[in-house]
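Peer 1: Please put together the full structure from these sequences, using the hints given.
Chains as they are written, first to last, in my numbering: chain L, 326 to 744; chain R, 326 to 744.
Hints were generated in silico from the structure; no laboratory data involved. Model, not experiment: these values are computed from the prediction. Watch out, some of these pointers could steer you wrong.
When chains are identical, the list treats them as one kind, so a pair holds in a single copy or across two.
[As the list claims (entries may be wrong)] Pairs of lysine to aspartate or glutamate, DMTMM-like flavour, derived with a Cα cap of 20 Å:
| # | residue 1 | residue 2 |
| --- | --- | --- |
| 1 | Lys385 | Asp410 |
| 2 | Lys637 | Asp327 |
| 3 | Lys385 | Glu396 |
| 4 | Lys529 | Glu735 |
| 5 | Lys567 | Asp581 |
| 6 | Lys526 | Asp541 |
| 7 | Lys385 | Glu373 |
Number of protein chains: 2
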Amino acid sequence: MDLTPARGTRDLLPSTVAVRDHVLARITEVYRRYGYQRIETPALENIERLRGRDGGENQKLIYEVLRRGLEPTVAADTPLSDLVDLGLRFDLTVPLSRFYGANRASLPQPFRSFQFGPVWRAERPARGRYRQFNQCDIDILGEPSVLAEVELIEATSAALAAAGIEGTTVRVSDRRFLSAVAEHSGAPTESWDGLFIALDKLDKIGWDGVRKELADRVGLAAQVIDRLAETITSVQGLDAAKLADQLAGALPNLGDEVLSDLSITAEGLPDGVSWEFDPTLVRGMGYYTGQIFEITHPASGGSVAGGGRYDKLIGRFLGTDVAACGFSIGFERIVDLLAVAPEREAVAVLYESDTPLTTVLEVARTLRADGRSVSPVRRSGKFGAQLGRLTEWGFTSFVHLRADATEPGEERRLGDKAP
Amino acid sequence: MDLTPARGTRDLLPSTVAVRDHVLARITEVYRRYGYQRIETPALENIERLRGRDGGENQKLIYEVLRRGLEPTVAADTPLSDLVDLGLRFDLTVPLSRFYGANRASLPQPFRSFQFGPVWRAERPARGRYRQFNQCDIDILGEPSVLAEVELIEATSAALAAAGIEGTTVRVSDRRFLSAVAEHSGAPTESWDGLFIALDKLDKIGWDGVRKELADRVGLAAQVIDRLAETITSVQGLDAAKLADQLAGALPNLGDEVLSDLSITAEGLPDGVSWEFDPTLVRGMGYYTGQIFEITHPASGGSVAGGGRYDKLIGRFLGTDVAACGFSIGFERIVDLLAVAPEREAVAVLYESDTPLTTVLEVARTLRADGRSVSPVRRSGKFGAQLGRLTEWGFTSFVHLRADATEPGEERRLGDKAP
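Peer 2: Okay, here's the thing in structure tokens:
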């Protein structure tokens with residue numbers, strides 16, 4: 326029988342879980358300090374809630390769940406969609422929007438949400454890409470001011486640092502800035518979505534590739550593309566201190582609020598957070614409405630965290646807009662970057678096949694009373710070889726209970742390598 | 326738009342999650358001391374692995390997942406099962422068996438597994454019964470001796486006590502004892518499964534109900550039923566000290582190993598663990614092969630934990646039998662019993678609409694540096710009413726930042742009730 330996990334999913338062994346738990350505990354402690362409270366939503370959502378929510382490509386990747394109580398044979402011409410009523414969530418933002426709509430009367434205003442949990446996407450499996458993976462999101466709901474952005478960036482940077490990810494850079498832009506650039510370049514409004522999608526690929530395909538896509542696929546005129554590239558290039562690598570002035574100069578149509586929000590972000594972030602304005606930053610989702618941000622780390626190809634403001638998403642569930650801003654840590658990516666197991670102390674109680682089990686149990690109990698992790702293991706094979714195996718398995722010391730022992734032998738450390 | 330979670334599932338609000346996290350942390354700490362290591366398996370398993378595994382009723386409750394890449398319209402006479410390739414796990418034991426088969430070369434021998442995670446069953450929703458719920462299991466794989474049983478019972482009792490569930494009683498029986506009773510009563514081997522299922526209902530339907538079911542549905546003769554009832558009644562409420570002798574007297578066909586295992590369990594459990602032999606204990610699953618156990622608590626109708634030895638289950642995946650024994654805490658049930666929130670300290674930084682945001686951020690940062698949980702909240706409405714809301718939301722103190730403040734006001738405690 327095939328014992329491998331379902332395609333694209335994986336088993337997590339104890340050493341992997343230990344790293345993940347360690348990282349999560351560090352992140353959780355930071356988010357607690359920043360006032361975030363953990364919530365949980367179910368893995369399954371009604372299928373119509375998952376569809377058509379600006380989830381972009383992710384909606385095509387939904388695992389769909391069969392209705393219960395169907396006949397064992399499907400009638401002719403049944404649309405597949407008639408057989409489905411639930412789906413596995415593909416992110417934590419759509420469920421959060423529903424959750425907030427359903428529960429906001431019992432929640433603080435603003436509400437600082439922390440979510441950690443699995444999501445599912447039926448993507449083509451690839452190295453480091455799984456069909457079930459965990460997301461790690463903080464969101465501030467009901468806070469219209471840029472205070473939310475600054476607090477999210479600060480908390481996420483602190484959480485990454487606590488997890489051991491140092492030397493990160495925060496890249497910030499604003500969807501309203503991108504709209505102003507598009508307008509300023511003379512691109513028609515209906516082309517903006519395509520324009521942003523093309524621009525999002527800049528770091529992968531360069532300006533030549535972006536220009537080609539803007540011409541061929543988005544259908545922009547050469548002079549529009551020139552102006553676009555010129556405007557963006559003119560505000561790349563700006564000094565934070567001059568940012569507002571230079572943006573205002575380059576884009577007369579940019580709203581004062583955008584500039585003031587960027588200034589507050591610049592001023593409000595603590596000294597330890599290294600950040601830059603990145604006019605090429607787009608982010609994939611259609612639902613962003615204000616500042617957008619990513620955190621990059623030299624050791625990681627892509628970003629290690631990303632987020633932004635999405636003031637219109639909850640309104641689609643609730644009928645009333647709710648200011649919302651979130652930041653998601655790429656949990657799977659950062660545990661891959663770290664992959665260093667936390668220290669573990671573990672004692673093996675080695676006993677012979679004729680050591681009375683009650684003696685084994687008592688010795689284990691005594692050692693556990695000191696808070697130590699203790700496992701009885703029966704003696705087998707050559708002593709040295711068994712000690713080697715214990716070391717491999719992560720035990721750090723052992724006691725040996727002979728059959729006639731009245732007292733356990735002295736506790737001895739296990740070496741780092743098999744003897 | 327309907328904002329309620331999918332039928333039979335639920336959202337977990339921060340106060341609920343806080344209780345659950347607190348209980349889980351206590352349990353995890355105890356299980357760490359007992360040498361258990363946490364693993365994770367994917368929520369989705371190939372559907373054929375979930376079917377036909379002695380999962381009893383649970384197999385009928387599987388959420389089935391549609392294959393990807395199907396045509397939008399189903400062809401005539403398609404069997405429903407052709408459309409499905411994955412299912413959501415309905416317990417953690419079947420995935421553990423697969424996991425162990427796939428990974429045992431990298432695992433300690435014996436392997437002490439700890440699992441905590443969601444499972445899904447499409448049951449009729451009822452009060453306190455959910456379609457997604459968490460299981461909390463420890464298992465010892467590769468330990469044939471009754472040391473496993475004693476250690477599992479001891480660890481689970483300690484975990485429940487640490488979580489705040491005191492005054493529990495462990496009920497122990499053995500599937501081999503039940504088989505000996507059935508044989509001794511003269512019930513034909515092929516009737517045993519039905520016999521056990523009927524006996525399992527004793528606490529719900531009483532002896533009259535069980536007798537009727539044994540006669541009508543299992544088809545046992547009156548004298549067989551009499552002998553069965555008599556044997557079981559004769560060994561109810563036995564004193565632990567006399568248990569082995571009295572069982573041997575009542576059941577001459579009972580194997581010595583069963584008696585010796587029960588004696589070691591009796592002797593090996595620490596003084597703090599209150600336990601009794603319960604000859605009416607059956608447990609629902611078909612896969613048990615040795616001792617079975619449950620833990621009851623006066624405040625809970627059913628059991629708060631259950632488990633047993635299942636030496637044949639892993640063999641069905643692996644082709645080779647592996648000794649296995651497990652104990653599962655009814656996590657959802659015990660958090661309902663407890664439902665006491667852990668202490669939480671949380672500071673609100675109240676600021677006016679014209680307090681500079683940089684000042685707000687700095688004050689929050691200073692308070693957080695001491696490890697405290699801090700959330701900026703904008704002043705709104707009447708001051709007293711807002712303090713009342715802050716208290717309701719779980720804040721324990723606040724500082725007030727006036728617009729012209731150069732220093733934050735003094736920190737003040739919030740009362741337990743709105744002022």
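Peer 1: Now tell me, hint by hint, if it's right for this structure.
Peer 2: These are the hints, each one checked on the structure:
In this assembly of identical chains, Lys385 and Asp410 lie within 20 Å of each other by CA distance both inside one copy and across copies; the values are 16 Å within and 18 Å between. Taking the shortest alpha-carbon separations for Lys637 and Asp327, only the inter-copy value of 18 Å comes in at or below 20 Å, while the best intra-copy value is 47 Å. Proximity of Lys385 and Glu396 under a CA criterion of 20 Å is satisfied inter-copy only: 14 Å between copies versus 27 Å inside one chain copy. With identical chains, the CA atoms of Lys529 and Glu735 are never at most 20 Å apart, being 61 Å at best within one copy and 52 Å at best between copies.
Proximity of Lys567 and Asp581 under a CA criterion of 20 Å is satisfied intra-copy only: 15 Å inside one chain copy versus 87 Å between copies. When the C-alpha separation of Lys526 and Asp541 is checked against a cutoff of 20 Å, the pair qualifies only within one copy, where the shortest distance is 15 Å, while the shortest distance between copies is 72 Å. In the homo-oligomer, the alpha carbons of Lys385 and Glu373 lie at most 20 Å apart inside one protomer (13 Å), although the nearest pairing across protomers, at 25 Å, exceeds that limit.
When each numbered hint is compared with the structure, a violation occurs for hint 4 only.
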